[in-house]
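For this one, chain A is given, so just place chains B and C with the ligands on it according to the hints.
This is what each chain is made of:
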Amino acid sequence: MISKDNVLEVRNLQTSFSTDKGEVRAVDGVSFDVPKGKTIGIVGESGSGKSITSLSILRLLAENGKIKGGEIRYKGEDLTKVSEKRMRELRGNEISMIFQEPMTSLNPVYTVGQQISEALISHQGMNKKQAMVRSVELLKLVGIPSPEKRVKAYPFELSGGMRQRVMIAMSLACDPEILIADEPTTALDVTIQAQILELIKDLQERLGMSVIFITHDLGVVAETCDYVAVMYAGQVVEYSDIRTLFKQPKHPYSIGLLNSLPRHDIDQEKLMPIKGNVPSPHEMPTGCRFAPRCPAATDLCRAKMPELMTDDSGNQIRCWIYSDEWPGEKEVNVYGETRIAKG
Amino acid sequence: MSEETVNHPVTAKKVNPQLESFKQFWRRLAKNRAALIGGIMILFFVIMAFLGPWIISTFTDWEPNKTSVANKLQGPSAEHWFGTDSFGRDIFTRIVFGMKLTLYVGFLSVFVGGIVGVILGIVSGYYGGKVDTIIMRLMDVLLAFPGILLALAIVAVLGGSLTNVIIAVGIFSVPAFARIVRGSTLSVKKLEYIDAVRALGASDFRIIFKHILPNVMSPIIVQASLRIATAILTGAGLAFLGLGAQPPAPEWGAMLNEGRQYMYEAGHVALFPGLMIVVVVLAFNIFGDGVRDALDPKMKK
Amino acid sequence: MTKYIIRRLLQTIPVLIGVTILVFSLMHLVPGDAAKIIAGEGASDQTVENIRERLGLNDPLYVQYGTFVGNAVQGDLGSSIRSGRPVMDEIGARFWVTFELAFYSTIVAVFLGLIAGIISAVRHYTLTDVTVMIIALFGLSMPNFWFGLLLIQWFAIGNWMPESLEFLKMRPSGWGDDWRQVVLPVLTLGTGGAAIIARMTRSSMLEVIGQDYIRTARAKGLTERIVVYRHALKNALIPVVTVVGLEFGGFLGGAVLTETIFAINGMGRLTIDAIRTRDFPMVQGTVLVISVLFVVVNLLVDVSYRYLNKRIDLN
Ligand SMILES: Nc1ncnc2c1ncn2[C@@H]1O[C@H](COP(=O)(O)OP(=O)(O)O)[C@@H](O)[C@H]1O
Ligand code: SF4
Ligand SMILES: [Mg+2]
Chain A
1002 MISKDNVLEV RNLQTSFSTD KGEVRAVDGV SFDVPKGKTI GIVGESGSGK
1052 SITSLSILRL LAENGKIKGG EIRYKGEDLT KVSEKRMREL RGNEISMIFQ
1102 EPMTSLNPVY TVGQQISEAL ISHQGMNKKQ AMVRSVELLK LVGIPSPEKR
1152 VKAYPFELSG GMRQRVMIAM SLACDPEILI ADEPTTALDV TIQAQILELI
1202 KDLQERLGMS VIFITHDLGV VAETCDYVAV MYAGQVVEYS DIRTLFKQPK
1252 HPYSIGLLNS LPRHDIDQEK LMPIKGNVPS PHEMPTGCRF APRCPAATDL
1302 CRAKMPELMT DDSGNQIRCW IYSDEWPGEK EVNVYGETRI AKG
Chain B
75 MSEETVNHPV TAKKVNPQLE SFKQFWRRLA KNRAALIGGI MILFFVIMAF
125 LGPWIISTFT DWEPNKTSVA NKLQGPSAEH WFGTDSFGRD IFTRIVFGMK
175 LTLYVGFLSV FVGGIVGVIL GIVSGYYGGK VDTIIMRLMD VLLAFPGILL
225 ALAIVAVLGG SLTNVIIAVG IFSVPAFARI VRGSTLSVKK LEYIDAVRAL
275 GASDFRIIFK HILPNVMSPI IVQASLRIAT AILTGAGLAF LGLGAQPPAP
325 EWGAMLNEGR QYMYEAGHVA LFPGLMIVVV VLAFNIFGDG VRDALDPKMK
375 K
Chain C
86 MTKYIIRRLL QTIPVLIGVT ILVFSLMHLV PGDAAKIIAG EGASDQTVEN
136 IRERLGLNDP LYVQYGTFVG NAVQGDLGSS IRSGRPVMDE IGARFWVTFE
186 LAFYSTIVAV FLGLIAGIIS AVRHYTLTDV TVMIIALFGL SMPNFWFGLL
236 LIQWFAIGNW MPESLEFLKM RPSGWGDDWR QVVLPVLTLG TGGAAIIARM
286 TRSSMLEVIG QDYIRTARAK GLTERIVVYR HALKNALIPV VTVVGLEFGG
336 FLGGAVLTET IFAINGMGRL TIDAIRTRDF PMVQGTVLVI SVLFVVVNLL
386 VDVSYRYLNK RIDLN
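Protein chains in written order, with my numbering: chain A, 1002 to 1344; chain B, 75 to 375; chain C, 86 to 400.
Derived from the structure by calculation, the hints contain no laboratory data.
Ideal placement from N, C-alpha and C gives every residue a C-beta, glycine not left out.
A portion of the hints provided could be inaccurate.
Which chain C residues face chain B? A few, computed with CB under 10 Å, are given here [claimed, not checked]: (1) 104; (2) 111; (3) 115; (4) 222; (5) 223; (6) 228; (7) 335; (8) 337; (9) 375; (10) 377; (11) 380.
The shape of chain A in the complex, shown without the other chains (with noise of 0.2 Å):
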């Protein structure tokens, strides 16, 4: 991967939060990059710190929320460290975000065409005319009918779909470089889901913009990136190109997310036949945090945490296996694959 042009790096991103039970570390070694004009997926189950990942990113963290390590670096930027004035700048503007939830993401009391000229009135310093003639053709843009009359609609008289292709809009309108989707489609009907993720991809491949894709959801990463980090409890445990990844899977989690994917199958709803729970925030393993469900774990895995390393193709493992330490067997077999380890 030394050719590639990122516009976004993450490295060993940390973020927690302070609640009444403690500090929990929502993200704990999170790491990736973004190549301009690509796009990345960002897949885990619920709870593993995908959305966290995202809003630290924008840096839009509840109040009780926190970056605690780690870099973002944009363009040579530490957006862990600019200024909230310059975040403002960069917000909606060169990095902008889709929520997960259309229903709720809108503000009630505006009409669509009022939320989607604000921000070209604060970032391009339009006037309001200028900018309501634009979010019309930002609404046709994102497919939406009769763009003119519905520009002055109110969200509760749009459908979730409609309301996520407002969502759409309002994020491309000063066009960024970079758009980060957290589930888009996950809170809308099966037939939606499919055109909400083809005007994605359809905007992406005309804008050039590049694409964090947060899902949980490995079938649609087959269809729509270039990159996937698969999440595991806080962490990246996996970061690789999406032919490898698919092909050869190599993080024990990331062999049996693909083995649980139903073939030829669009109901993609139950993704975790992986034996076991995710461990809760406030009890996270020593070592491994996928220890306690591997088949292959060792006692080094439950002793120590691998590290997040890179191999010979530029793509990134955290796992004992493909370490010089690894004690264990050199075959290793888990949920039916054999993989050969480096030690």
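Just chains B and C with the ligands, lined up with the frame of chain A:
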């Protein structure tokens, strides 16, 4: 956070899912600073109401109704901490003796109104239908008399006395309890375990007492505490208007009314009873707020 | 919306019937013989009988109630026992005084309450927030008649007042001679209400600030000021509307005390004087008028709340 609870399958149907958290509720309550402060203040006032008069009569020669024209309208001093009123009575002594009356009005009226309101609310929510409509319309009628007006009208009919104030303020408190309890009852009734209990053949009476009442207890406690605050204010207001406890009872509202005439030359006469009302009402409000916060984890930071 | 208004209007009817029944019963719930009480001690049997006749107390109850409502609808609430004048005339002369008092108090309460609540919410969990909320708690716990007395005392006794504020020193003596006399009574009534609105606004704002659409607004790169004042405030105000009606009503009731303290000739004082002199028709009249007014105001508030909330409700 929320995901943990959502993923939790509802297995134990017969166990009241809300009761399990009752212990937790008490623990949270003890941890809630507002509830603690309010509770301690209330406790202090209750003790003062019972022990204060005894201490004063045993260890001093002050009496709440001992007049001394020579000493009238004196400002606060070492001898008379809160000064004296127009009859030369010691205001501090009167305030200590009056504590009982204030708490009496607060607790008793809310107790009476609370019981009636809770019963109406449970019946309304549990049985629904016509009964519900009638009861709730009735409550609407009571709520149509704004603020102190309902209590005033009732006292107008019954005549001014401490007992009548308690009745009036009690009736005034009924709708608030009925509405809240009805709402809670409705939501408890919807729980699966109530169906399970009914399927096992429990009578309505048993279901209401064993299963619904414990569940609506917490909102009742909150409401009671906040209502006591209102009741004390209302009672004091009626007394201030001369429609409550009659002189020479050391009722704080009545004392305020007496002090009112001497406001220009002896402001302290009206100052201290008013301050005491504020402090006591404050305690109940703080306590009520605290309990509500402890109940509603959503509002915590 | 029209359907809602009609439904809400229909709901009001039983309430009004209930209110009239209750008010009507006032005279009949009096322990003992109302006519005797009205006549006063030592009145001759003939006097008592005359009063009974005049009030129609000899008719069957339902006839009496029918007459009462029938007359009330036509604006006839009987005559005062004491002055002999029609109750409606006496009320009419004072209605606007109390209405204005409650109205201005509502405005003051909303104004002060909103400012305090917004400041508190924006600075939540800071010293400012805690201070404002403690003040609000005191405001809530203070008997307003006592607060009124304190105001009179401070303003009327102190010698510190600049010339321009001298008017506050005036021994209040009713409405009309100087509008500025409205200031103290309105402050007296309004501060307690302001406390309630401040608390409500704060919690409503905090709830709204946690909503998804606020995050969306931030994600657009808007300044915190725009996020709070444009996106949060408008949503947060909607539930506050509901209290405004209650406050107004509370002020109508509270006017009884405030008018007494400030010697204002409004409906409140009329009520109290009537209660003291056992002038039951007058008590019935004022209580009825105040509560009907309250019902109407609440109706208006509910409808406007529904209108404002329309967009959100359907989510
Ligand atoms: N405001 C918060 N306070 C405390 N913990 C939080 C908060 N927000 C998220 N978390 C924790 O962060 C973890 C990751 O959440 P999230 O990133 O939303 O997961 P997902 O991968 O489903 O998007 C969750 O397990 C949750 O416990
Ligand atoms: S480090 Fe060990 S426990 Fe963790 S995934 Fe690799 S093999 Fe499994
Ligand atoms: Mg998420």
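Evaluation of the provided hints:
Given hint, residue 104 of chain C at the interface with chain B, holds; its Cβ is 5 Å from that chain's nearest Cβ, closer than 10 Å. Because the smallest distance between the Cβ of residue 111 of chain C and any Cβ of chain B comes to about 5 Å, under 10 Å, the interface hint for this residue holds. For residue 115 of chain C, the interface hint holds, since its Cβ comes within 10 Å of a Cβ in chain B; the closest pair sits about 5 Å apart. Because the smallest distance between the Cβ of residue 222 of chain C and any Cβ of chain B comes to about 6 Å, under 10 Å, the interface hint for this residue holds.
Annotation: residue 223 of chain C was flagged as interfacial toward chain B, and the flag holds, the nearest CB pair being 7 Å apart, inside 10 Å. Residue-level restraint check for residue 228 of chain C holds (minimum Cβ-Cβ distance to chain B is 5 Å; threshold 10 Å). Checking residue 335 of chain C against chain B by beta carbon gives a least distance of about 4 Å; that is within 10 Å, so the hint holds. Checking residue 337 of chain C against chain B: minimum C-beta separation of about 5 Å stays under 10 Å; hint holds.
Against a cut-off of 10 Å between C-beta atoms, the interface hint on residue 375 of chain C holds, since the closest Cβ of chain B lies about 6 Å away. A hinted interface residue such as residue 377 of chain C counts as satisfied when its beta carbon comes closer than 10 Å to some beta carbon of chain B; here the least separation is about 8 Å, so the hint holds. Taking 10 Å as the C-beta contact cut-off toward chain B, the hint placing residue 380 of chain C at the interface holds, the least distance being around 5 Å.
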